[in-house]
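Student: With chain A's structure known, arrange chain B on it following the hints.
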Amino acid sequence: MKLPGIIASLALLSAGLWGQTGLDSRKLLQPPIDTWPMYHGDYSGRRFSTLTTINSSNVQSLSLAWSYRTGVGGIKATPLEIDGVLYFSAPDHVWAVDARTGRELWHFAWQSNGGIHIGNRGVGVYGNWLYFETPDCNLVSLNLKDGKERWHKTNCDLDQFYYGSVAPLIIRNHVIAGVSGDDLDRPGYLSSYDPETGDLQWRWYTVPQKKGDPGSDTWPNEDAMRHGGGMTWQVPTYDPELNLLYVTTGNPQPVIAHKNRAGANLFTASLVALNPDTGKMAWYFQASPHDTHDWDATQVPVLIDGEINGQPRKLVALAARNGYFFLLDRTNGKNLVTSPFVPTNWAKGIDRNGTPIPDLAKMPQIDGALVSPNQGGATNWPPPTFSPQTGLFYVGASRAYSVYYIYDTDDNPQGWGGTDRGGANLGSMVQAIDYKTGKIRWSHPWESGGRSGLMSTAGNLVFTGDGSNNLVALDATTGAPLWHANLGASVGNGPITYQLDGAQYVVVAAGDALWAFVMPKR
Amino acid sequence: MAIAQSVLLCLAAAGIAAAQEPAPSPSLAQSRQVVQKVCGVCHTPESVITGGRTRAQWQETIDKMITAQGAKGTPEEFATVLDYLSSQYGPASSGSTPGGRGGRGRGAAPGGMLAGAGPNDKHVVDEAAADRGRKVWAAECIDCHGTYARGTDNGPNLVRSELVLHDRYADKIGPFLQTHKMQSGALGNTLTAAQIGDLAHFIHQRVYDTLRGSPIFVVHNLLTGDPQAGKAYFNGAGGCHNCHSPTGDLKGIASRFDPPALQARFLNPRPLGGRGGRGGRGAGTAESTSPGAKPVTLTVTPPGGPAVTGTPIVFDDFDVSVRDVNGEYHAWKRTPELKVVKNDPYAAHDELLTRYTDKNMHDILAYLVTLK
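Order-wise, the sequence lines are chains A and B.
Throughout the first sequence, residue numbering follows this note's numbering, covering 41 to 562 in sequence.
Throughout the second sequence, residue numbering follows this note's numbering, covering 825 to 1196 in sequence.
Just chain A, same shape as in the assembly (with noise of 0.2 angstroms):
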């Protein structure tokens, strides 16, 4: 992103409201460099960052600051690193550590009233204050200093199988929330809180709640379009020169039984630009339409500030469960590539649009269909990282077939009424992906699977996790293995690396751990 324009127009409206303590609101506008403070790094999602005091000639020499245990669970949440200390979440808790030292200076504990444990993406910061989601769909905001509960409120409905997982995002003063479940055919939807009073600002459907709203044309009916899925459970990213809110949407309701919801299914497993003041959609672009494979588009949807045919442009990449990546015009939503990124089965070819066209035949079967990408899809959560300095978009990806079969032959299928079984995952990989065509420049395939989250540096390196527990360094310009370090549970989170003192250090999680390792000032 072009920082010093964002800083000078975006940045003065609110410098110095929260003083020296807490996060300095100028730092969420800035290249993450001593700070790492949302979960991407930065509004971009690129999750590069400037740093070199580590790099591809010294790596060998990277060597462990500290390990900090939980005893709780995994972690699959990116900490934030601000003012020296690090935070970050497992689902219902938080912890506060020190980021040079690993020493814990608190952890909140919430008494949960249910909902998925699966695992929660990380935390948000604003000012003073901390929030997150729990399981149970509660929204908490908790004094950064201590981890003392100030608030919490409702964001979703337990008794409808909602839960929350995912990490908040501050835009201003807006808390934007995303909302996970996909058990019961209920509604997608994002939310904007303010972070001072936690009232919700404004809340925006996924999936259009009339006759006549944007996208109804593609469901059969209100009944369908009303519980039609479709969740947020990927934490957006923002441009603040455009002002606009970049989100991707999950899968359609029911999920793999489909005869109650013929269309497209707008705006499900989609990539859809808001306004992050007032909710309203500015534009979308659907990567799966009607989708039959819980593939979703939860993926990141990543700023890049490139050229194409030599003209400067504001792109968005997204490298998508169902096998392809897309280039978008950010200002507008206008595809530039579609390029799948494994092998897939699935789609007939590229309409117009750039939007794959669905093959019946390979949509869930009473007696099968072999799909590839699998349910597992093609890649998924786990943050993939853009490095504008060899212009490459790093993904981690899988080639995997199985079977998808209807088993609710019923003309009404509720909830998912089907599943994939079998088949196998052929290789996992990480893809290193030119954004300007889609080509593969290089591809690194893992001996023992493995597909965790990435981060590159411009130190020439792409940082991730193998199959074997091994923190990995690549060399981000040839994908060549140079550094690794074995951590005892494979990597669960995207790395963050952040300097203080001179040392830049390289956070990441492994199991219920998480691991520094530090290269001391040169």
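Because the hints were derived from the structure by calculation, they are not lab data.
One or more of the hints may lead you astray.
Below, in silico cross-link-like pairs of lysine to aspartate or glutamate (EDC-like), each with a Cα-Cα straight-line distance of 20 angstroms or less [stated by the list, open to error]:
no., chain 1, residue 1, chain 2, residue 2
1, A, K250, B, D977
2, A, K251, B, D977
3, B, K996, A, D186
4, A, K402, B, D1174
5, A, K388, B, E986
6, A, K250, B, E900
Per label pair, the in silico range of CB-to-CB distance [as the list claims (entries may be wrong)]:
no., chain 1, residue 1, chain 2, residue 2, range
7, B, P1160, A, R562, 27 to 37 angstroms
8, A, E144, B, H1004, 23 to 33 angstroms
9, A, P485, B, V1042, 28 to 38 angstroms
10, B, L1074, A, M321, 51 to 61 angstroms
11, A, K250, B, K1183, 39 to 49 angstroms
12, B, S1069, A, G389, 52 to 62 angstroms
13, B, E951, A, A520, 24 to 34 angstroms
14, B, A1061, A, P485, 43 to 53 angstroms
15, A, D391, B, K1005, 42 to 52 angstroms
16, B, A1155, A, D552, 51 to 61 angstroms
17, B, K1183, A, D391, 47 to 57 angstroms
18, A, T194, B, K1118, 46 to 56 angstroms
19, B, H1004, A, E189, 53 to 63 angstroms
Think of the CB as a built atom: it goes at the ideal place given N, C-alpha and C, for glycine as much as any other residue.
Tutor: Then chain B, alone, in the frame of chain A:
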């Protein structure tokens, strides 16, 4: 309401009295008799044993039984019920796992699905009560709401009803019925409290039966292929006959596996722990378990040294180690000079996955099921 409040006050008073001056506590058997007397009027007490609730949650449930279901008893009896349920079916009890997806809201999640979907205090279905409720449903509800409670042109879908999802033991369904006509033309208030309770169990059962892991999530007929075409593929384009024989290793295979298992096996016959279907993590599937299956091995040849073959323990970009047939462990740092060859007896099956049409898949299965 006034009655309910007085009962609650009595309950609280009973609790305080017990704390201050412990009364001789009834034996477990005596308590069970009280539970049977108070609760057994409407449902089998066994239906509560999967609750796993705290004392406060049990008290809340009892309150609901009193207010919504008209449960009757003395304050002492309700106190005994509360003590019994809290001590025998509290959070630490064996039945304490919150209901998973499917499985009708109780017990551990079936089929390896994620536990914990929905609230901890979700309605737990009493199967016997639901069976009784089915009769009420057939008599008074089915015409408008359909066999599966998914609605018709004449009545809404109750599986998607927020009132139903918020209901616990008819505390919402009961009051709703008081003012609503049923298919006989009678008002819902002509049903007894017990009938309404049974109906609630039946309706919640319909909701849970849409969840993953429920009894309706089963594979149907897979035998749509042409066995002759399957045989031709087996002996021709598929190349299966190069390794397999219907009178040798596959003799009688259809007697050992049902069609879904058989289909899973020929698509990926790796033993459990091999690369399974889930993508990322290399987990196997139970369906692919195969006693005596051939292992994937690595043959590692150090510079100048003898080649060692064994099953991989570590295999990544940096290290490789194997256990050989004698159980000896061998480990190496990977270098350009170290030759590593993977011997995958299932590679041909992987290659076929990229070539099968769905017709090929159905035809092969149709052929294999003839090998009884």
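Student: Kindly confirm whether 43 to 53 angstroms is satisfied by the beta carbon distance between B/A1061 and A/P485.
Tutor: 28 angstroms Cβ-Cβ, so the 43 to 53 angstroms window is violated.
Student: Is it true that the CA of A/K388 sits at most 20 angstroms from the CA of B/E986?
Tutor: violated, 39 angstroms
Student: How does the Cβ-Cβ distance of B/H1004 and A/E189 compare with 53 to 63 angstroms: does it lie in that range?
Tutor: At 42 angstroms between Cβs, range violated.
Student: Just tell me: holds or violated, for the beta carbon distance of A/T194 and B/K1118 against 46 to 56 angstroms?
Tutor: holds, 55 angstroms
Student: Falls inside 39 to 49 angstroms, the C-beta gap from A/K250 to B/K1183?
Tutor: Given about 43 angstroms between the Cβ atoms, the range holds.
Student: Could you grab the alpha-carbon distance between A/K250 and B/E900 and see if it respects the 20 angstroms cut-off?
Tutor: Since the Cα atoms of A/K250 and B/E900 sit roughly 53 angstroms apart, the hinted pair is violated (cutoff 20 angstroms).
Student: Hinted pair, alpha-carbon criterion (20 angstroms max): A/K251, B/D977. Please report holds or violated.
Tutor: Roughly 18 angstroms separates the two Cα atoms, so the pair holds.
Student: Is 28 to 38 angstroms respected by the C-beta to C-beta distance linking A/P485 and B/V1042?
Tutor: holds, 37 angstroms
Student: Mind checking the alpha carbons of A/K402 and B/D1174 for me, to see if they're no more than 20 angstroms apart?
Tutor: Status holds; Cα separation ~19 angstroms.
Student: Run the distance test for A/K250 versus B/D977: straight-line Cα separation, threshold 20 angstroms.
Tutor: Distance of about 18 angstroms is within 20 angstroms: holds.
Student: May I ask you to test the hint 47 to 57 angstroms on the CB atoms belonging to B/K1183 and A/D391?
Tutor: 27 angstroms Cβ-Cβ, so the 47 to 57 angstroms window is violated.
Student: Tell me if the beta carbons of A/E144 and B/H1004 are separated by a distance inside 23 to 33 angstroms.
Tutor: Violated, at about 56 angstroms.
When held up to the earlier numbered hints, the structure conflicts with 3, 5, 6, 8, 12, 13, 14, 16, 17 and 19 and fits the remainder.
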